[in-house]
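A.B. asks: Each chain, letter by letter, is given below.
2 protein chains.
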Amino acid sequence: MNTRFTLSLDAMGGDHAPKMVVEGIEIACERFPDIDFLLFGDEKQLKPLLDACPRAKARSQIHHTDEAVQNETKAAVALRRGRNTSMRLAINAVKDGRAAGVISSGNTGALMAMGKFVLKMLPGIDRPAIATYFPTQRGDSVMLDLGANVECDERNLVQFAVMGEVFARNVLGVQQPSIGLLNVGVEGFKGNDAVRAAHDILRESTLPIKFHGFVEGDDIGLGTVDVVVTDGFTGNIALKTTEGTAKMVAFFLKQALTGSFMAKLGGLLARPALNVLRTRMDPRRYNGAMLVGLNGICVKSHGSTDEIGFATAIGVTANLVNGQFNERIKEDMGGINIDQSAAEVA
Amino acid sequence: MNTRFTLSLDAMGGDHAPKMVVEGIEIACERFPDIDFLLFGDEKQLKPLLDACPRAKARSQIHHTDEAVQNETKAAVALRRGRNTSMRLAINAVKDGRAAGVISSGNTGALMAMGKFVLKMLPGIDRPAIATYFPTQRGDSVMLDLGANVECDERNLVQFAVMGEVFARNVLGVQQPSIGLLNVGVEGFKGNDAVRAAHDILRESTLPIKFHGFVEGDDIGLGTVDVVVTDGFTGNIALKTTEGTAKMVAFFLKQALTGSFMAKLGGLLARPALNVLRTRMDPRRYNGAMLVGLNGICVKSHGSTDEIGFATAIGVTANLVNGQFNERIKEDMGGINIDQSAAEVA
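Each protein sequence line maps, in turn, to chains A and B.
This note's numbering applies: residue 1 is where the first sequence begins, and numbers increase by one.
This note's numbering applies: residue 1 is where the second sequence begins, and numbers increase by one.
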């Protein structure tokens, strides 16, 4: 489906919005010449920004609104009172068929609540989950949920496993992705009730997925499995912990390579290789997490990202649209009866 | 209190036990000439190992037992049927006053259950927590709980905050440690009920601690606070995630520095500096987590550690004994009424 399509953008979401949104479009335009953009936000701010970005301007249409969801607004409040916010209007455009997908760098809770309310859920899925891929020793892996659901039961976790499997297969191109449940140990009795029950369902069920069993925190970086399944509280903290640790190691490395004359010289000679490493680990390369389970493509970009990261999120969304991601999930979920699988175990 | 004292060791706990235990003593003997050791375990295995380690042999006394707690044994079962295991007998030695502290690299759940049963809790503490320190950009920080309690309420979290503060002050030597509660966002409404309620208690209470508020996963590596407080499920996964990420970055770095001739040459010149970095990040340097809250010094060593890591755990335990850690906690807790603080908020 590499035909022309439109993405709707919450132009006011994110710490550096709307500037990074417009500049992100400008960058993305080169790689994706077949995308048009609907920008929802403050016309007074957006117009001069677009004037400075000619490629973005040629492909973008502004839909003015004064309102935007604030970071500190609770999801329920945003849902009730935010009908004219840039986020809500951008989501509406997907519902109405004016856009093939929506991207926001704004308030995650609000995006999830509005997405669920406007787009509804895919058949067989109770709650959306935030999914993204990240680098590991063995290539990219997928992790979900990264913060949509602070508390999850076994039914949610099993659904996340199925959606994560589809994500890894269709977005990462892994033939038969392996699935791991994140836990505090690999023995079956470890962990809380939800992970133990989900483990039993996945282990015993007839779901056509490759279930590895429990994995631990260090398995994330090792790339032990293609899909790491966890609740949104743990997943959010685990993902951000990897970011913080990678930054810490980079900081230590920089210190080490400026310590002595020999170290400096070594660092200088190795600089091109180290730059490749830096690019490989750059979180902006992995920006753009999907709210899987919604009946519409909805991508959450990191709140603090810049134009390069936002351009990545546009690319992620374009791939999801081109890959007809939600149609694939629907097809795959059609052959899977989670309730029946759970019932067989119980 | 740099006088002579005795540590009791579960000589059979850990993947590489009992060899790494005996060799770990041999290493530790150099740094700590004033420690004697009680070794609980299989005499047939321990005797030849001690014969090969003359310094360790001179300071160790074997207490034979055939039984050991297995990794896959549930805590409740270990507690009920494990009265003659090396772990249990080693803990008993602390209770009886024959040893000033105990170290085990075995089953964490069993160690906690037995520790609680035999040693009891410090006054005012409901549950023990596993605490350790680890490297950050701003020096070492403390995190707890790392896996003792899969589910925690606000009362547990507040107690962990107080114990972590004492740990940072007395073990790391931080004058007025700052405390952060690990969460999925910094806004007060984020997270689950337990972290929100603990946040309110710590924010509003008259506890003489420096409460920073919520921190996120990336704050762990950044070293934003001196003490990171969380439940045992999240803490265990966060700690192991940092280990896995550090390994992944080291792996990528090695790849980068073997890619081209120039990179190899650079890596060669920088090798001494990179070795310092490797040592700095070596998890064996941070081995030995305390079960804080128990009325006795009880240290959990990593199950997969080697003799170098075990020697570190001996050092950690020696510092806790020398620093009269539990006496300090008792003193500090004496001036703190968590229940009253909670009541004032409620």
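Hints are supplied without guarantee of correctness; some may be wrong.
Stated by the list, open to error - Distance condition first, Cα-Cα at most 30 Å in a straight line; then the derived DSS-like pairs of lysine-lysine:
(1) A/Lys264 x B/Lys264
(2) A/Lys254 x B/Lys247
(3) A/Lys264 x A/Lys254
(4) A/Lys210 x A/Lys254
(5) B/Lys264 x A/Lys247
These aren't lab readings, by the way, just hints derived from the structure by calculation.
A.B. asks: Below or equal to 30 Å on CA atoms is what counts here, so check A/Lys210 against A/Lys254.
C.D. replies: At roughly 41 Å apart (the allowed maximum being 30 Å), A/Lys254 and A/Lys210 break the hint.
A.B. asks: Does B/Lys264 pair with A/Lys247 here, judged by a C-alpha cut-off of 30 Å?
C.D. replies: OK: B/Lys264 and A/Lys247 at ~23 Å, within 30 Å.
A.B. asks: Quickly compare the C-alpha distance for A/Lys264 and A/Lys254 to 30 Å and report which way the hint goes.
C.D. replies: holds (10 Å)
A.B. asks: So if I understand the rule, the pair passes when the alpha-carbon distance is 30 Å or less; does A/Lys254 with B/Lys247 pass?
C.D. replies: holds (17 Å)
A.B. asks: Are the Cα positions of A/Lys264 and B/Lys264 separated by 30 Å at most?
C.D. replies: Satisfied, since the Cα-Cα distance of roughly 14 Å is no more than 30 Å.
Hint check: a violation occurs at hint 4 only; the rest are consistent with the structure.
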